[in-house]
Amino acid sequence: MDIFTFILEIIGTVAFASSGAMLAIEKKMDIFGVNILGATTAVGGGIMRDVILGVTPPTAFAQPVYILFAIITSTLLFAIVYTNPDIIHSKIKNKFYDKVMLWCDTVGLGIFTVVGIQTASRHVTDDNAFFFLFIGVLTGVGGGVIRDIMASETPYILVREVYASASIAGGIVCIVCRSTIGEAAGLVLGLIVTVVIRALAAHFHWNLLRIH
Amino acid sequence: MDIFTFILEIIGTVAFASSGAMLAIEKKMDIFGVNILGATTAVGGGIMRDVILGVTPPTAFAQPVYILFAIITSTLLFAIVYTNPDIIHSKIKNKFYDKVMLWCDTVGLGIFTVVGIQTASRHVTDDNAFFFLFIGVLTGVGGGVIRDIMASETPYILVREVYASASIAGGIVCIVCRSTIGEAAGLVLGLIVTVVIRALAAHFHWNLLRIH
Amino acid sequence: MDIFTFILEIIGTVAFASSGAMLAIEKKMDIFGVNILGATTAVGGGIMRDVILGVTPPTAFAQPVYILFAIITSTLLFAIVYTNPDIIHSKIKNKFYDKVMLWCDTVGLGIFTVVGIQTASRHVTDDNAFFFLFIGVLTGVGGGVIRDIMASETPYILVREVYASASIAGGIVCIVCRSTIGEAAGLVLGLIVTVVIRALAAHFHWNLLRIH
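Residue numbers (full-length UniProt numbering), protein chains in the order written: chain F, 1 to 212; chain Z, 1 to 212; chain W, 1 to 212.
Calculated from the structure, these hints are not laboratory results. A hint or two may mislead.
Said to hold, decoys possible - Computed, partial: chain Z to chain F, Cβ under 8 Å:
| no. | residue |
| --- | --- |
| 1 | Lys-28 |
| 2 | Phe-32 |
| 3 | Ala-62 |
| 4 | Tyr-82 |
Said to hold, decoys possible - With a straight-line cut-off of 30 Å between C-alpha atoms, the simulated DSSO-like cross-links for lysine-lysine are:
| no. | chain 1 | residue 1 | chain 2 | residue 2 |
| --- | --- | --- | --- | --- |
| 5 | Z | Lys-27 | Z | Lys-95 |
| 6 | Z | Lys-95 | W | Lys-27 |
| 7 | F | Lys-28 | W | Lys-99 |
| 8 | Z | Lys-28 | Z | Lys-99 |
| 9 | F | Lys-99 | W | Lys-99 |
| 10 | Z | Lys-28 | W | Lys-27 |
| 11 | W | Lys-28 | F | Lys-28 |
| 12 | F | Lys-95 | Z | Lys-28 |
| 13 | W | Lys-28 | Z | Lys-27 |
| 14 | W | Lys-95 | W | Lys-28 |
| 15 | F | Lys-28 | F | Lys-95 |
| 16 | W | Lys-99 | W | Lys-28 |
| 17 | Z | Lys-95 | F | Lys-99 |
| 18 | Z | Lys-95 | W | Lys-28 |
| 19 | F | Lys-95 | F | Lys-27 |
| 20 | W | Lys-28 | F | Lys-27 |
| 21 | Z | Lys-28 | W | Lys-95 |
| 22 | W | Lys-27 | W | Lys-99 |
| 23 | Z | Lys-27 | F | Lys-28 |
| 24 | F | Lys-28 | F | Lys-99 |
| 25 | W | Lys-95 | W | Lys-27 |
| 26 | F | Lys-27 | F | Lys-99 |
A virtual CB, placed ideally from N, CA and C, is assigned to each residue, including glycine.
The shape of chain F in the complex, shown without the other chains:
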């Protein structure tokens, strides 16, 4: 179980590091800025989660493996775009770049939501569904919020189609499944629900009510 969670965390770390690194590349930051924004996006949500849970020092600081994966991912991405600058330049035409950004952010959102709930349940004994949900959503959206604030963008969570709502829906599914079917099912189903809702919303441009 812990190994399964760890594998999910590493995939989420790589996904969020990619979304932070790509945004930094787009903003013409140097290779170090790309690594910093990649790493901050990848571990930011988890650090906020651990501080809120009172887990100090946070896992991301105590175990260098997460930051290591974030740095490898960011540097690799930088190298790829540096040798193939057309990937960026052709972005307006084929939307390939936007798609990659969306998927990295979506996969990270889904994974960190369910991992956040899992971590909360390890450190808090009483079975408070609301609390688990808050922690899950905070972990899921935290890295992206820090990424956007550092890059002077309005946070995704406030302006994108169905973003935190996807994390909340997936979090509820995760919590319900954990206490009925089991932990692993909760992780997988919560993750799938978050990713599917977010991807559908982005593809069909689902918009929630807005005042013009």
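Let chain F serve as the given structure and place chains Z and W on it in line with the hints.
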């Protein structure tokens, strides 16, 4: 006493949630963004306070009642403006909107300043007036700072007339009254001083020294 | 040893307070905004460090001396520029202002990096070099990141020449020297390495790889 503090906290939560939700509506965010910014403004200062005090998990996460009130407030405000969009459009004319925003922010500032001092005194045994004051001001201004940073605005605390100074003055009154007249008097008088100074400063455009 | 660390901390506090206060003056904030940004820059990194280490309440809140020095520094700077506004206006000509800002930020970066490592080693028993380095860099860059985000600037750490890399290099030197030559040598040599690398990078406009 605890019930009185709780009532104050709920009023402050509603006031700060309103200020966050209104800013989100003004920025044309959707109903979910409005709820997120409302809730973040309402509980942000308290979460920072609890993390600083080592109270984990923070009250706002452990007891869903605060976030619940913030969400009800934000959704209600969204519904009111959605059905009466003129409230926003006529704002340039009658300044009604700016007044509401100011009062919500001011009441939240005053309440969270004194509640922050109250909470600090519950968790720290030694009677450190400076520390209580820092925590009070942090709790008072914290939610608004997070709101403004997330909405890509320069924080109120840095640019508005007599803002943190009102919180500091009210905090000092609160601390002095607590150790002389009593806890309840400290809460009420500290709150009144913060609100009156801030409201007078905004009304008369009191400006502090500035270099042009 | 503790007195030597304390003296370093006060110098770093004055340096970072200056960089925050000068940025606030440049942004035409009033005397209170100048003090708030000065104090936040000075103690922000240390508060993040203490929260991450689980040291609550953080030193900056428990001991008012740091915030006191930050406020004295900010108010003094405000008074100097207020009575000599030419210092700001002549900045485009003689670059004097940019130089002062650079040195304040550089000295703060260097001091807080090594002090962060020192503090981490006091609170965490096992000898985890990676962890010490993370905490050192976080403490060194934290105040500046908060300053830039509050002032609506893209954080230095993401866009300036060789910034976090100087902190990392100095941090590594500090950690290696601590376990070989001794604590004091680690502090001094780590500080020198950070400051020299950062100053050389700024002077010669060393740029890291960037994608255009």
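message: Run the distance test for Lys-28/W versus Lys-27/F: straight-line Cα separation, threshold 30 Å.
response: Since the Cα atoms of Lys-28/W and Lys-27/F sit roughly 27 Å apart, the hinted pair holds (cutoff 30 Å).
message: Lys-28/W and Lys-28/F were given as a pair; does the straight-line alpha-carbon distance stay at or below 30 Å?
response: 29 Å, holds
- prompt: Is the hinted pair Lys-95/F and Lys-28/Z satisfied, with a Cα-Cα distance of at most 30 Å?
  reply: With Cα atoms ~26 Å apart, Lys-95/F and Lys-28/Z stay inside 30 Å; holds.
- request: Please work out if Lys-28/F and Lys-99/W have their alpha carbons no farther apart than 30 Å.
  value: 25 Å, holds
task: Below or equal to 30 Å on CA atoms is what counts here, so check Lys-95/Z against Lys-99/F.
output: 43 Å, violated
- prompt: Given the hint that Lys-27/Z pairs with Lys-95/Z, does the C-alpha gap stay at or below 30 Å?
  reply: 17 Å, holds
Lys-95/F paired with Lys-27/F [C-alpha distance capped at 30 Å]: Since the Cα atoms of Lys-95/F and Lys-27/F sit roughly 17 Å apart, the hinted pair holds (cutoff 30 Å).
message: Take the shortest C-beta to C-beta distance between Tyr-82/Z and chain F; is it under 8 Å?
response: 5 Å, holds
30 Å Cα cutoff - pair Lys-28/W, Lys-27/Z: 25 Å, holds
- prompt: Are the Cα positions of Lys-99/W and Lys-28/W separated by 30 Å at most?
  reply: Roughly 20 Å separates the two Cα atoms, so the pair holds.
query: Holds or violated: are the alpha carbons of Lys-95/W and Lys-28/W at most 30 Å from each other?
result: 19 Å, holds
- request: Double-check Ala-62/Z for me: the hint is only fine if its C-beta lies closer than 8 Å to a C-beta in chain F.
  value: OK, holds: Ala-62/Z within 8 Å of chain F, min 6 Å.
When held up to the earlier numbered hints, the structure conflicts with 9, 17, 21 and fits the remainder.
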